[in-house]
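**Q** One letter stands for each residue in the lines below.
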Amino acid sequence: MLKLILRRVIVAIPTLILVSIVIFGLQKILPGDPVLAMAGEERDPAVLDFLREKYRLNDPLPVQYVAWIKEVGQGNLGVSLRTDIPVTTLVSQKLPVTIQLAIMAMFFAILVGIPLGILAAVRKGTRVEFGANLFALSGMSIPNFWLGIILIMIVSVQFRLLPASGYVPPGRDFWLSMKTMLMPALVLSTAIAAYLMRHTRSAMLEALSADYVRTARAKGASERIVVLRHALRNALMPIVTLVTILFGELLAGAVLTEQIFGIPGFGKLLVDAVFNRDYAVVQGVVLCIAVGFIVLTLLADVLYILINPRLRYS
Amino acid sequence: MSAHAPAAAKGAFERRRSRSWSKFKRSPSAMLGAAIVVFFVLVAVFAPLIVGFDPAQVSFTAIRKAPSAMHWFGTDELGRDILSRMVYGARASLLAGMCSVLIALGVGVPFGLLAGYFGGLVDGCISRATEALLSIPFLILAIALAAFLGPSLVNAMIAIGVSAAPLFIRLARGQVLAIKNEDYVQSTRSLGASNTRIILRHILPNVMPALIVQATIMIASAIIAEASLSFLGLGLQPPNPSWGSMLNTAKNFMTQAPWMSIFPGSAIFLVVFGFNLLGDGLRDALDPRQEH
Chain A
0 MLKLILRRVI VAIPTLILVS IVIFGLQKIL PGDPVLAMAG EERDPAVLDF LREKYRLNDP
60 LPVQYVAWIK EVGQGNLGVS LRTDIPVTTL VSQKLPVTIQ LAIMAMFFAI LVGIPLGILA
120 AVRKGTRVEF GANLFALSGM SIPNFWLGII LIMIVSVQFR LLPASGYVPP GRDFWLSMKT
180 MLMPALVLST AIAAYLMRHT RSAMLEALSA DYVRTARAKG ASERIVVLRH ALRNALMPIV
240 TLVTILFGEL LAGAVLTEQI FGIPGFGKLL VDAVFNRDYA VVQGVVLCIA VGFIVLTLLA
300 DVLYILINPR LRYS
Chain B
0 MSAHAPAAAK GAFERRRSRS WSKFKRSPSA MLGAAIVVFF VLVAVFAPLI VGFDPAQVSF
60 TAIRKAPSAM HWFGTDELGR DILSRMVYGA RASLLAGMCS VLIALGVGVP FGLLAGYFGG
120 LVDGCISRAT EALLSIPFLI LAIALAAFLG PSLVNAMIAI GVSAAPLFIR LARGQVLAIK
180 NEDYVQSTRS LGASNTRIIL RHILPNVMPA LIVQATIMIA SAIIAEASLS FLGLGLQPPN
240 PSWGSMLNTA KNFMTQAPWM SIFPGSAIFL VVFGFNLLGD GLRDALDPRQ EH
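Top to bottom, those sequences are chains A and B. Take the first sequence: its letters are residues 0 to 313, numbered as in numbering that gives the first Met the number 0. Take the second sequence: its letters are residues 0 to 291, numbered as in numbering that gives the first Met the number 0.
What the hints contain is simulated information worked out from the structure, not anything from laboratory work. Treat each hint with caution, since some may be false.
[Claimed, not checked] Simulated coverage check for chain A against chain B, where a stretch passes if three residues somewhere in it have a Cβ under 8 Å from a Cβ of chain B:
hint: 1; stretch: 132 to 143
hint: 2; stretch: 242 to 253
hint: 3; stretch: 268 to 279
hint: 4; stretch: 284 to 292
Remember, it's a predicted structure, so these values are computed and weren't measured experimentally. Using N, Cα and C, we set each Cβ at its ideal position, and we do this for glycine too.
Could you build the full structure based on these sequences and the hints that come with them?
**A** And the structure:
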């Protein structure tokens, strides 16, 4: 088992290297000379040369890459061109906000998606399945940001039930923090709930038609036991992996959700950086997300090995 | 080999196709999806014939008017007719959805075919690169690319297309791996067919159904992605209408003019819903192996 996990970790290394090359390459597709942009009105060749030298722009690309990755390895993601704050500081400030949002959204998605998926599989061919499928398809089709606008109009403006925007750290006022985050988390959870429902349904359908379920039924086990103990336990294994991986999708979805609800998180940091042409921040944020995603998939695979008895004892 | 063989094979192909088609026709949800998609395509194509107003016509006497007999969906903050802007916006959305998926197919399928067919080092390189790209969430990669390329509809299409390409690489590769050792591929090879011929004439047609299904569903995601980029200001630039940028302005007038958000958002939802229904229907009809 340890060997299996070790092998999985080693496979992640080339992926990490390649992803860093892709993100390094992003700044190279920028149209125009970055030095001219940095120098502003200044057109003195000596100044331009100084800047080129300072940012190593005269070196060949591989040398530039190695220099950059060395800095990144030491935890230095560069400095925001706008605010002069190190990107690492910005990231560590904003990340907890988005993680809170993502965890709450995942909680709702699991709460709705998995039971609905089980129900749809057990009641195959009935109105229940039709309703569950319709829900999933709608969840996948509704644009996050539009749902956010509509909910604010109804819940905050019309009925004044929840705050429309803002962020309160849970350390300051836990319940107010939950209350402000409730609507954004619900909005963010829709697409994920839909995916979870669809995958749970198909995994359950597969499990319910397996031999061990027929054996359990033949032994006279009640339908409840058959569904929950025999089928669900097997069907849930791939779902655990999926939940871990879907956290990455939540980070992506958070970009728009945070924009609508004015939450000062990771996504808003990215969007603001995009508009301020603060490319160091864009690069840093995308790199963090990619590394986070690779680590999550790695965790998902390790978790799968740990919970799957067939792999655990191999 | 007898002269009847190609005819027989053709017959089998036709039979399979007509069976898929009748299965598709019998599914009400697939037909509903197709109807929604056809409706929006017709609206986009015949936009100038449908609308009564110039979508860019500013009118200071008709600012933020609620829906009425004259302006069915109301007017926006500059007095422009929302229905007309939505009809023209359908062009941007559908064009972006389809072009970016074509880009994704054009980039992804050749690499996927090569990786799956040749295996070994080629596969190793392509697969690692695909994994690397897939580790950046689709929308984040699209936002980053669009940001670095500069905001415009074409750049948004490129950004979305490139971000979606790895999905097609992975799909095409998997499909090729599944069929490349089938008897008909092996026998063509033993007859001395070149690699190019085997890939283009024998493998690609058999990979097609899965690609068509995935492409249809991808159009749905691409339309949402384009709307998201436009919503963030990274897509089609004003004053040209797109559903995403209409929502971007609308969010500033949530209380005063809710109709500005309700209608364009419904349009995105409906067209994406249509493509998703169509994709599911196509999957059931064409590619039963991939059942979800």
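**Q** With reference to the structure, classify each hint as holding or not holding.
**A** Hint check:
Coverage of the stretch 132 to 143 of chain A by chain B holds. Counting CB-CB distances below 8 Å, 7 residues qualify, and the rule asks for three or more. Requiring three or more residues with a Cβ within less than 8 Å of a Cβ of chain B, the coverage given for the stretch 242 to 253 of chain A holds, as 5 such residues are present. With a threshold of 8 Å between beta carbons, the proposed coverage of the stretch 268 to 279 of chain A by chain B holds, since 5 of its residues qualify and at least three are required. Check on the stretch 284 to 292 of chain A: 4 of its residues sit with their Cβ under 8 Å from a Cβ of chain B, so the three-residue criterion for coverage holds.
Checked against the numbered hints above, the structure violates none of them.
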